[in-house]
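Start from the sequences and build out the full structure, keeping to the hints where you can.
The sequence shown runs contiguously to residue 780 in our numbering.
Calculated from the structure, these hints are not laboratory results. Only a predicted model underlies this, so the values are computations on that prediction, with no experimental measurement involved. Just so you know, even glycine gets a beta-carbon here, dropped at the ideal spot from N, CA and C. There's no promise every hint is true.
[Unchecked claim] Here are the computed lysine-lysine pairs in the BS3-like style, where the Cα-Cα straight-line distance is at most 30 Å:
1. Lys617 to Lys568
2. Lys746 to Lys531
3. Lys476 to Lys524
4. Lys476 to Lys531
[As the list claims (entries may be wrong)] Ranges between beta-carbon positions, derived for each pair:
5. Val385 to Ser437: 32 to 42 Å
6. Ile412 to Ser674: 43 to 53 Å
7. Asn701 to Ser628: 16 to 26 Å
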Amino acid sequence: MGYFRFKLLSPSGRVFSGFIKLPYQDEMSAISHLERDGSTAIHVGKPGMFYSFLLHLASFSLQQKMSRSDQAEFLSNMSLMLRSGVPISSALKESSATSSLPEISKDIDDMIISIQGGLTFSETASKYSHIFPNAILHLIRIGEETGQLDEMLKKGAGHLKRVDGIVSDTKQALLYPSFVFFMLGAGLIFWFYFVVPKIVTLFVEMNVSLPGLTVFLIWLSEVFQNYLFHILGGIAVAIMILSYLYKGSLGGRKIIDSVLINLPLSGTIIRASSLAFITEYLSLLLSSGIDILQSLRILKESISNSIYKESLDNILGSVSRGEGIAGSFKNAQLFPPFVIRMIGIGEMSGTLTEQLAYIAEEYKSKLSILVSTIGKIIEPAVLIIAGILFAIIIGGLLLPIYDLVGQISK
Numbered sequence: 371m372g373y374f375r376f377k378l379l380s381p382s383g384r385v386f387s388g389f390i391k392l393p394y395q396d397e398m399s400a401i402s403h404l405e406r407d408g409s410t411a412i413h414v415g416k417p418g419m420f421y422s423f424l425l426h427l428a429s430f431s432l433q434q435k436m437s438r439s440d441q442a443e444f445l446s447n448m449s450l451m452l453r454s455g456v457p458i459s460s461a462l463k464e465s466s467a468t469s470s471l472p473e474i475s476k477d478i479d480d481m482i483i484s485i486q487g488g489l490t491f492s493e494t495a496s497k498y499s500h501i502f503p504n505a506i507l508h509l510i511r512i513g514e515e516t517g518q519l520d521e522m523l524k525k526g527a528g529h530l531k532r533v534d535g536i537v538s539d540t541k542q543a544l545l546y547p548s549f550v551f552f553m554l555g556a557g558l559i560f561w562f563y564f565v566v567p568k569i570v571t572l573f574v575e576m577n578v579s580l581p582g583l584t585v586f587l588i589w590l591s592e593v594f595q596n597y598l599f600h601i602l603g604g605i606a607v608a609i610m611i612l613s614y615l616y617k618g619s620l621g622g623r624k625i626i627d628s629v630l631i632n633l634p635l636s637g638t639i640i641r642a643s644s645l646a647f648i649t650e651y652l653s654l655l656l657s658s659g660i661d662i663l664q665s666l667r668i669l670k671e672s673i674s675n676s677i678y679k680e681s682l683d684n685i686l687g688s689v690s691r692g693e694g695i696a697g698s699f700k701n702a703q704l705f706p707p708f709v710i711r712m713i714g715i716g717e718m719s720g721t722l723t724e725q726l727a728y729i730a731e732e733y734k735s736k737l738s739i740l741v742s743t744i745g746k747i748i749e750p751a752v753l754i755i756a757g758i759l760f761a762i763i764i765g766g767l768l769l770p771i772y773d774l775v776g777q778i779s780k
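Below, the structure written as structure tokens:
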């Protein structure tokens, strides 16, 4: 692929110029491509270093990543059109016309140019990882080799839909408790920053003696009054640091993943999600004819959780040394007995693909149940915690008033 600066005379006599990205490096091929519609090339050449830098920078910054659901729909449409006998370039062109993302449409147009220039679909797709995930690329290569590209694209679309369901359920399960506790914290800040100071002013004006609990609440209110923005800024900085450590440091990511996987609620969700993801991926790759070692390599690169990534690396090493698959999973000490037992049954009976698919369905079902029940579990706990906290606040504020009423009645 390369960028070219061009100036053309169209068949209608109009002169126009600009930049274009083509699947060629030589100027003669670029001229032949640009003159296909009858235009005459006045000038075609490589842009200078400065323009090349700007073009690559713009291409990188404007690149849009397709969501999994969009990827699944794209592959499903491609599969349907190929099965109907539509040529690959025409199928891509139709997909480009229906895409809601303009930058993705441009990428697909570039793919069409590459295929028309002599590249295979898999060679072209490998340059667009934001459209074709690694596992899908392997399916495309297998489909081209076996003449079953439409079937492999259909299988890839189904896989992406299932993975999207796993990821969606995981996010929903993790975000709900975070949102609930965020709202609880916001409520406490509102009370200590706005409500308590006004009541304290009333106590001071009435010269009321204050019990210890009320003094403590007043102290908390003063902390929020004086340092609220410092506290919020500190929380924001902490989140930024954790985000940087998670995304930019392997050691930091491993520490955070280790903490999350060992917490009661997040650990249950992450384990169910990761096991569903791993078994779903392995089932897809093995059923497509990819050997176990290559499947484990692809899976290791596809999973984001560093704890499971390291575990899969150890499993890959064990299997490559000739150890059994079930034994390798068992030695990783991260997979429950049910998973190891089902893998062992599949390994012995030659039905490993089916057993992995069954495990994936079980953990997807478990994840869905977690999502539906997590609210029922958290809501009572939050109500109890909120009730206790606000009872303490109300009690601390009412005690001086009761004392004042008692003094007046005397």
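Hint-by-hint comparison with the structure:
1. For the proposed pair Lys617 and Lys568, the alpha carbon gap of about 44 Å is over 30 Å, so the pair is violated.
2. The straight-line distance between the Cα atoms of Lys746 and Lys531 is roughly 27 Å, inside the 30 Å bound, and the hint therefore holds.
3. Proposed proximity of Lys476 and Lys524 is supported: the alpha carbons are some 23 Å apart, at most 30 Å.
4. With a CA separation close to 24 Å, the supplied pair Lys476 and Lys531 stays within the 30 Å bound.
5. At roughly 41 Å, the beta carbons of Val385 and Ser437 sit within the given window of 32 to 42 Å.
6. Restraint check, Ile412 to Ser674: a C-beta distance of roughly 50 Å satisfies the suggested window 43 to 53 Å.
7. A beta carbon spacing of about 19 Å between Asn701 and Ser628 agrees with the range 16 to 26 Å that was offered as a hint.
Of the numbered hints listed earlier, the single one contradicted by the structure is hint 1.
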